[in-house]
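If you read the protein sequences in the order shown, they are chains A and B.
Here the first sequence is numbered in this note's numbering, starting from 1 and rising by one per residue.
Here the second sequence is numbered in this note's numbering, starting from 1 and rising by one per residue.
Any given hint could be a false lead.
Partner residues aside, some chain A positions facing chain B, computed with beta carbon under 7 Å [as the list claims (entries may be wrong)]: (1) Leu13; (2) Asn119; (3) Ser127; (4) Asn128; (5) Ser201; (6) Leu232; (7) Gln273.
Quick caveat, the hints were computed from the structure, so don't treat them as lab data.
Yeah, the Cβ is synthetic: ideal placement off N, Cα and C, and Gly gets one too.
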Amino acid sequence: MTFLSYLIQGISLGSIYAIIALGYTMVYGIAKMLNFAHGDVIMVGGYMCFFATSGLRGNFPDGSVAQTVVPGLAGLLLAMAVCTLLGVTIERLAYKPLRQAPSLAVLITAIGVSYFLQNGAQVLWTSNPKVCTSVIGRGAITLGGLSISHVILLTVAMCVVIMVALTWFTGNTRMGKAMRACSEDKAAAQLMGINVDATISMTFAIGSALAAVAGVLFTSAYPTLMPTTGALPGIKAFTAAVFGGIGSIPGAMLGGILLGVIETFAKGYISTQVSDAIVFAVLIIILLVKPAGLLGKRIPEKV
Amino acid sequence: MKKFLALLLALTMVLALAACANNGGNSTPSEAPSAAPLETPSEAPAENPAEGATAAFKLGGTGPLTGGAAIYGLAAQHGAEIAVEEINAQGGVQFELNYQDDTHDAEKAVTAYNTLKDWGMQISLGSVTSKPCEATAAKNFEDRIFALTPSASSTAVTEGKDNVFQMCFMDPNQGSASAQYIFDQKLGEKIAVIWKNDDVYSKGIRDTFVEKSGELGLEIVSETTFADGNDTDFNVQLTDAKNAGADLVFLPMYYTPASLILSQANAMGYAPKWFGVDGMDGILTLEGFDTSLAEGVMLLTPFNADATDEKTQSFVTKYQDKFGEVPNQFAADAYDCVYAYAQALEAAGATPDMSAEELNDLMIAQFTSMTFDGLTGESMTWDTNGAVTKAPKGMVIQDGAYVGM
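Using the sequences and the hints given, assemble the complete structure.
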């Protein structure tokens with residue numbers, strides 16, 4: 001019984017990591033850069049959702065379905081719009097001028113953007129934490145003493161949908177093919193008539209829209225929102241992406257869920273004090289055995 | 001593109017200059033004092049004619065004004081500002097306040113401390129949070145600049161330093177006071193503790209709480225931890241406490257993780273009694289937080305913004321007018337610090353032309369002998385270790401407000 005409840009808690013936590021990892025891995029796979037600001041775009045998405053929901057909730061009768069659904073949807077749309085715009089702007093201003101620079105320079109820039117967003121959010125919205133209302137309410141379904149919250153069911157479903165959609169998109173559409181070509185060899189792609197800049201901008205747009213979805217779901221599951229909210233889950237999700245094989249879309253999902261489950265079991269059965277050490281020890285062992293991550297090998301061209 | 005960037009740069013510089021000019025208005029210029037740090041009293045009147053001929057004591061402090069812990073640093077800075085304004089308006093002892101940002105980072109705190117020293121700081125408010133304050137307190141001790149920290153509560157801040165004092169409870173005192181309170185009021189028999197193992201504040205309280213509980217015969221049935229980066233999901237910790245049958249959960253932590261713990265416990269249908277510490281203060285003003293989740297949460301805190309006494313009321317009103325929010329205990333602690341300094345300086349007959357070292361000796365003598373009434377406690381006294389003695393107030397949250405127990 002305890003085992004099952006830990007398993008469900010692990011999957012819940014893991015599904016959150018997975019949905020963040022999907023955006024990370026997508027951008028890495030195509031632009032070949034670690035976008036450390038991804039976690040902070042998630043934070044911005046969370047704030048947008050917070051403002052939309054807290055602003056609109058008063059317009060509906062208390063306790064009605066519309067009171068949860070309408071502001072929730074509006075929050076999601078606003079977050080996606082703002083984050084997409086933000087992602088493209090960041091790419092244009094901070095990363096594009098460094099297209100030919102060594103990857104280390106881009107990495108440092110990404111860290112800089114991450115701090116810029118955190119401190120910008122603090123100036124705009126202060127460092128006082130805010131508590132979000134879940135976009136689909138706080139309900140849960142109970143199965144023989146085990147409870148699974150609606151947010152988690154939605155998160156897992158969204159993860160699967162996004163994973164399938166991204167895999168289809170990169171595999172079957174013109175834009176997706178262009179992305180894969182850029183990922184393999186930018187110069188060759190350009191020679192083939194692919195607009196590399198536009199393709200990479202598109203990647204950032206999609207990655208940031210995914211970050212917005214992740215932000216909305218993250219703040220629904222863990223409602224306390226601060227300017228630093230995105231930083232640490234971002235790092236965990238990055239770990240998850242590496243775990244599953246960075247660049248691989250199904251790998252990000254698998255890595256996220258596994259990371260959540262291992263972390264929860266380590267906390268529950270071994271010790272809450274060293275759970276992170278255990279998680280990262282498992283990561284090291286996996287990377288020693290499979291250097292490309294769990295699913296990294298199967299898709300060698302990365303996405 | 002290049003032109004646009006150049007414009008942007010130019011604009012940034014103009015803004016930066018404007019910001020400097022602003023600072024110059026209410027404190028001394030930042031360049032001059034490094035050359036002659038102690039001559040500033042003669043400059044101060046010229047710089048700020050509103051202060052008249054009276055020179056001011058240079059009071060400096062560091063705290064997280066940006067970053068994740070900024071809520072504490074800004075509150076302390078704001079509280080101190082209000083106190084300085086009030087005291088300066090009375091005409092007696094005059095202060096010049098300078099708060100530097102340490103982003104809750106020990107290294108940056110030392111840099112900020114050095115900036116203050118160059119500015120000519122004579123007495124210090126230490127640092128707002130424990131980790132940075134451990135670093136700056138060591139410098140205060142070395143340089144013989146007296147420090148009274150509003151809120152850095154770990155023992156290492158004052159340990160072995162004769163000139164570093166605290167306005168807040170020392171962590172161990174909070175832990176044992178909480179255990180004693182739970183025992184005296186028979187609040188629970190099986191106790192769970194969830195604490196943050198990378199935080200000296202949380203660990204310090206937990207250690208003495210567990211020790212005192214052992215002495216009193218309170219049974220601790222579950223003890224779990226979390227850390228930075230692991231502070232959003234508490235299901236495992238709560239499941240553990242629930243399975244162990246804990247009827248009271250002790251939360252030695254700040255209110256941000258505590259708010260998540262309360263909502264996750266509610267989601268899993270676990271409703272023990274909750275007992276917090278002063279870091280829990282602020283949970284009710286958390287924007288968007290469903291205060292019904294905190295119903296019945298008990299905490300020991302030195303300051304209550306809802307208190308009806310005149311002093312608290314006037315402070316809360318001023319703070320709200322000026323900064324648009326309800327002050328927390330950090331603001332009140334810092335406010336008290338400035339008033340305690342004013343009282344001590346006056347009693348010692350200190351003058352702003354004294355050196356930091358002279359003031360240091362006077363302050364040590366004053367603080368170990370005086371009694372101070374402030375927002376955060378009546379008849380406070382300090383021992384030679386720098387720890388304060390004041391009575392913690394037991395509060396319980398009822399209908400979204402603190403009520404004394």
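Here is what the structure says about each hint:
{"no.": "1", "hint": "Leu13", "in the structure": "5 Å, holds"}
{"no.": "2", "hint": "Asn119", "in the structure": "6 Å, holds"}
{"no.": "3", "hint": "Ser127", "in the structure": "4 Å, holds"}
{"no.": "4", "hint": "Asn128", "in the structure": "6 Å, holds"}
{"no.": "5", "hint": "Ser201", "in the structure": "16 Å, violated"}
{"no.": "6", "hint": "Leu232", "in the structure": "4 Å, holds"}
{"no.": "7", "hint": "Gln273", "in the structure": "5 Å, holds"}
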